[in-house]
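A.B. asks: What follows is the residue order along each chain.
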Amino acid sequence: MTQEPVTEEHRTVNADPTPSATDAAADKLRDVVADRETEGPTGNSTIFGLRGLTVYYADFRAVKEVTADIRENEITALIGPSGCGKSTVLRCFNRMNDLIETARVDGSLTYHGVDLYGKNVDPVEVRRRIGMVFQKPNPFPKSIYENVVYGPKIGGMKGNLDDIVEESLRKAVLWDEVKDKLDESGLALSGGQQQRLCIARAIATSPDVLLMDEPCSSLDPIATLRIEELMLELKQDYTIVIVTHNMQQAARVSDRTAFFTVDVSDDGQRTGKLVEFDVTNRLFTSPSKTETEDYITGRFG
Amino acid sequence: MSVTAPQVPMDLSGDPRRQRRERRVRSLFFVAAALSIIISAAIVLSLAGEAWGFVTAVDPASYFENGWLPRRGRYSILTIVWHTLMVSGIAMVVATPLGLGAAIYLSEYARRNVRRFLKPTLEILAGVPSVVLGFFALNFITPNVIQPLYAADRSNLLAAGIGVGILIVPLVASVSEDAMRAVPRALREASYGLGAKKWHTSLRVVFPAAISGIVAALILALSRAIGETMVVALAAGTSGILTWLPDSSGLTMTGAMADLAIGSDQVTSATAVQVNPFQSLFFVGLMLFVITLVLNVLSERVVRRYRQKY
Ligand SMILES: Nc1ncnc2c1ncn2[C@@H]1O[C@H](COP(=O)(O)OP(=O)(O)O)[C@@H](O)[C@H]1O
Ligand SMILES: [Mg+2]
Chain L
559 MTQEPVTEEH RTVNADPTPS ATDAAADKLR DVVADRETEG PTGNSTIFGL
609 RGLTVYYADF RAVKEVTADI RENEITALIG PSGCGKSTVL RCFNRMNDLI
659 ETARVDGSLT YHGVDLYGKN VDPVEVRRRI GMVFQKPNPF PKSIYENVVY
709 GPKIGGMKGN LDDIVEESLR KAVLWDEVKD KLDESGLALS GGQQQRLCIA
759 RAIATSPDVL LMDEPCSSLD PIATLRIEEL MLELKQDYTI VIVTHNMQQA
809 ARVSDRTAFF TVDVSDDGQR TGKLVEFDVT NRLFTSPSKT ETEDYITGRF
859 G
Chain V
-3 MSVTAPQVPM DLSGDPRRQR RERRVRSLFF VAAALSIIIS AAIVLSLAGE
47 AWGFVTAVDP ASYFENGWLP RRGRYSILTI VWHTLMVSGI AMVVATPLGL
97 GAAIYLSEYA RRNVRRFLKP TLEILAGVPS VVLGFFALNF ITPNVIQPLY
147 AADRSNLLAA GIGVGILIVP LVASVSEDAM RAVPRALREA SYGLGAKKWH
197 TSLRVVFPAA ISGIVAALIL ALSRAIGETM VVALAAGTSG ILTWLPDSSG
247 LTMTGAMADL AIGSDQVTSA TAVQVNPFQS LFFVGLMLFV ITLVLNVLSE
297 RVVRRYRQKY
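Protein sequences, first through last, are from chains L and V.
First residue of the first sequence? That's 559 in the working numbering, and the numbers climb one at a time after it.
First residue of the second sequence? That's -3 in the working numbering, and the numbers climb one at a time after it.
Quick caveat, the hints were computed from the structure, so don't treat them as lab data.
No false leads were mixed into what you were given.
EDC-like cross-link-like pairs, simulated, lysine to aspartate or glutamate; straight-line CA separation at most 16 Å:
1. V:Lys193 - L:Glu683
2. V:Lys194 - L:Asp680
3. L:Lys694 - V:Glu185
4. V:Lys193 - L:Asp680
5. L:Lys737 - L:Asp721
6. V:Lys194 - L:Glu683
7. V:Lys193 - L:Asp656
8. L:Lys729 - L:Asp795
9. V:Lys194 - L:Asp656
Isolated chain L, as found in the complex (with noise of 0.2 Å):
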């Protein structure tokens, strides 16, 4: 896990920027947002419920009491500087933190209404459903076919997987440039190929949810927007979570946006806690906090 602290230096610099500079930064973002809805899509409902959701590692808390509801066959982006806790909130909803023996749970999080913490919940059933893209494309030492099959293998499916395999590097759009070397090893693909590889294997378990960790930071530009719109194209079957470094991404695939920041209390701990959590359009337009503000016109971060 990669932890990237908020450093000094990084406040200073943005801390009194010319008025035109911020100007232009939050302009553009303005101009980016500017033909999508400001209301937001209607009538999905709630998939995560999350009520006052805090998490710990060992005595440190990482972020506290996140109350938010995320909905179905949308995407919502989770923004703010780095360490302020969008990997820990969105490694809760697969439950990826259990993995690590420090971290602990607090208040509510729900998925289709079930607790996700509850008594009686698997992780492995949890993550069979929501499936998860990390920030450094992670393919395994495999060949691209053994990489697709993994999921629907363990998950017990038997017998001839090669439709699962087109059909997920198809709607990974790698299928055209992979069909003839699906034997090749999965690591002899490009950066922002890999990454591809990495969401056509999440989705091939056919999971209802599709986490995404700052997806794109280790791609260029182009490969950039590849997976943006790709990700556009998921969310027809998909509700997706992202979190991204990259406002600009943020308000181009969004449709909601969490804004996070981390608060530090007169003893020096740093908390990370949600902002501002609005239809992407309003909250890059006419956030409400000035928090917020701050960070999008880059007076902060």
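Take the given structure of chain L and dock chain V with the ligands to it, following the hints.
C.D. replies: Showing chain V with the ligands alone in chain L's frame:
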């Protein structure tokens, strides 16, 4: 504030004293590195002469007759090689599942505080003198484990094999655990993220990704098993008669060498074969040296050839 211009012409030749010192240090390290080669060569040379004396004196056809009995001039290489194969085979059968099981447990399952306790324990086991394990095999494994189930003699090759197996478990476990822990966390997360259970992740992702290190660990352990002397000498006794089953006493290559070197079997009688039994010791020693060398080179190769990039 004015910037001083660099001196022209600049002298970049460096301090000659420092350079001399660096050359001296360099040659010191070179000698240290070369020493291992020199020692290996010296071993081969010292073995080769006497071994050659053995080869010229003993009819190669007799290598495949029954019995390693130097006192009577009988040098059945087949006998001691077969006994060695049995012992190291049994040792690997014992050590592979135990060692790999321990490695998987330590690297994938153990919580941090369990691991903190288990890993040093394993390393202590690795430090148990082999004479102690030999004694354990002879006085515990044979009467309590083997004899109730299997009609074996008091000294037998099975006990030796099990003893050697226990001896090499820590080696297998610790080298393969290192290989498994070197597998990046990202690969495990990818697997868990797809809904894999722990054993699935261990066996289908971590294990294959670490396979080169694991195979290297096994080859290294095999080479250690072949070379192990003390456990075998104590548990398997000193019978030079060929036995196809591990139920009786039998000399292995190392056992035969120890037996000769200790001096219990040095009575040279005026037999047909005119060879100093001591020379056979060099011949067997050379064989062991070559076998372990080949195995070690093989393990290097495996590591390089099958290393998966991740
Ligand atoms: N495994 C961990 N153990 C301890 N602290 C962690 C761990 N992972 C993250 N943290 C801490 O939790 C805070 C939030 O981290 P993270 O969720 O990764 O932030 P973000 O993704 O927004 O950059 C940071 O202060 C980070 O140092
Ligand atoms: Mg993060």
